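S.K.: Chain order of the listed sequences is A and B. The opening residue of the first sequence carries number 1 in my numbering; numbering runs sequentially from there. The opening residue of the second sequence carries number 1001 in my numbering; numbering runs sequentially from there.
Hints listed in this document are in silico derivations from the structure and should not be mistaken for laboratory results. Any given hint could be a false lead.
If the Cβ cut is set under 10 Å, some of the chain A residues that face chain B in the computed set are [as the list claims (entries may be wrong)]: (1) L23; (2) L65; (3) T70; (4) A96; (5) A112; (6) D242; (7) V295; (8) Q296; (9) A298; (10) E365.
In silico lysine-lysine, DSSO-like type, Cα no more than 27 Å apart, as pairs [to be verified]: (11) B:K1093 x A:K24; (12) A:K329 x B:K1092; (13) A:K446 x B:K1063; (14) B:K1089 x A:K24; (15) A:K421 x A:K435; (16) B:K1063 x A:K329; (17) B:K1093 x A:K329; (18) A:K435 x A:K451.
For clarity, every value in this text was computed on a predicted model and none was experimentally measured. Think of the CB as a built atom: it goes at the ideal place given N, C-alpha and C, for glycine as much as any other residue.
Here is how the chains run, residue by residue.
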Amino acid sequence: MNATKYIIEFSYLVASILFILGLKGMSHPESARRGMHLAEFGMLMAVIGTLLHSGMSYEWIIAGLLIGSTIGAMMAVWVPMTAMPQRTALSHAFGAFAAALVGIAEYYEHGAELGQFKMTAIGFEVMLGALTTTGSLMAFAKLQGLVRGTPMTFRGQNVFNMTLLAATIGCFVYLLVVPTAAPFFYVMVGLAFLFGILLVMPIGAADMPVVMSLLNSYAGLAAAATGFALSNNVLIIAGTLDGFSGFILSVLMCRAMNRSMTNVLFGAFGSAGAAAAGDGEMGTMREVSVDDVAVQLAYANQVIFAPGYGMATAQAQHIVRELASVLEKRGVSVKYAIHPVAGRMPGHMNVLLAEANVPYSSLYELEQINHEFPSTDVAVVIGANDVVNPDARDNPNSPIAGMPILEVDRARSVVVLKRGKGKGFAGIENPLFFKPVTGMLYGDAKDSLTKLVQAVQHA
Amino acid sequence: MSSETLIAAFYVFALAAFLGYQVISRVPPLLHTPLMSATNAISGISLVGSIVLAGTGGNLVSKLLGFTAVTCATINVVGGFGITDRMLKMFKKKETAPEKKSEDEKP
Chain A
1 MNATKYIIEF SYLVASILFI LGLKGMSHPE SARRGMHLAE FGMLMAVIGT
51 LLHSGMSYEW IIAGLLIGST IGAMMAVWVP MTAMPQRTAL SHAFGAFAAA
101 LVGIAEYYEH GAELGQFKMT AIGFEVMLGA LTTTGSLMAF AKLQGLVRGT
151 PMTFRGQNVF NMTLLAATIG CFVYLLVVPT AAPFFYVMVG LAFLFGILLV
201 MPIGAADMPV VMSLLNSYAG LAAAATGFAL SNNVLIIAGT LDGFSGFILS
251 VLMCRAMNRS MTNVLFGAFG SAGAAAAGDG EMGTMREVSV DDVAVQLAYA
301 NQVIFAPGYG MATAQAQHIV RELASVLEKR GVSVKYAIHP VAGRMPGHMN
351 VLLAEANVPY SSLYELEQIN HEFPSTDVAV VIGANDVVNP DARDNPNSPI
401 AGMPILEVDR ARSVVVLKRG KGKGFAGIEN PLFFKPVTGM LYGDAKDSLT
451 KLVQAVQHA
Chain B
1001 MSSETLIAAF YVFALAAFLG YQVISRVPPL LHTPLMSATN AISGISLVGS
1051 IVLAGTGGNL VSKLLGFTAV TCATINVVGG FGITDRMLKM FKKKETAPEK
1101 KSEDEKP
């Protein structure tokens, strides 16, 4: 080892430590930003260290760095907060694609001389990278509304997907025995790309928090596999951190829906006709006017907002905050109840409300807020449905039975802001809407809230 | 690759996994979106492999693959860290009404 090699390895070591410290900072909002600056600095160290490698030609590197930085910076500055799930999905795709390409090039250059171990690492890297790339692009397309968000299914889908996966793994195993069989390598890559699409296709938009977390995990593991292939520790460490983070998040999300990972991935939950049972004899919904609600809110002691994906689509977070300010000025205590799977990615609602300047001390998690509903005068549901569906608690036959919910129905009165009379995403009837305590305020959430703000001011 | 390097690599992997579990489980749900975008940016570390490929690739194909990989990974790193910072900047503690119990400790 010459001096340069030591410097490079040292820069990787520093980077690894800074990444870990950076993520440790994430344990609290106050230390999070500083933590991220550490991680950014770590990344810079790793890149500079890498550039010191001997015998490098820089033209392609510089071109790539410049183009990538420009696009990345533009994305960072201009993407609206409501589009955060899409952006994250796209970013997973880029990261995974880079890992896949590195693996492909490694095989392309060294194919025959690769030992069995390296071949294993490259196989994992390329498979995970490829399926994450297309899977994330598919998730992006669903979240962006380029393709419909409902599960896309066909007969024998699971069997077909399993066969495809088996074929991919078959190619991989064959390559381990005969590393020179280049066609098998490229077929494996192609199949993995295809599998990514098929994996995400049958998953409904409401299950996206799990899928996003899983793809996050795969992207990390692809990077870790790259680390094994290149015997580079910083890649292993950073990739593993990402892989585990994504994995933990996906487990948390599944738990928040009381469903297994298998059910989320292969259940095609919420597809048409899957949950048609049980409607009909629900009773009538009671429609309320803006003025009624305004009076209720204005003279309440405590109001809890329960936001869902509808708040994001209506971009209503700022006006929610405005309503909250008006109410707080009148002495009403205002809290926000955040369900872990509200929205399309973990923590989605928190970010939107933070953007609207809601202090994080007013945001409450499920377990923290549920006992407060009985002493709450008005619970306002803004574009949330399944996460407040009392059937999950009361009806063991419900498709979402056992899912922990925000128990808004225990509040003294409930106001549901809803676009129309339709069912929730999963096509499940929500008895909350038919309860005597519930008033339905139809219309675009943003419009309704704007009117409410004015009405409360005059109340 | 010698078997010692391999074993060392597995040690690193196992320890990083353990550490990752410990560190990540302390992140409150409040910060799950920034966490995901941060870890995503960190996994852009494949930039390191991409750079080596783009810089030392033997022929044009490798170089082009390397160039594309560098571009993608850089988008991931710069975009990811940029947006994470933008998000984290928004999380504020309450300035008024100090009576709130603000610690969102997870059970």
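S.K.: Checking against the hints above, which ones are violated?
M.R.: Failing hints, ascending: 5, 7, 8, 9, 13, 16.
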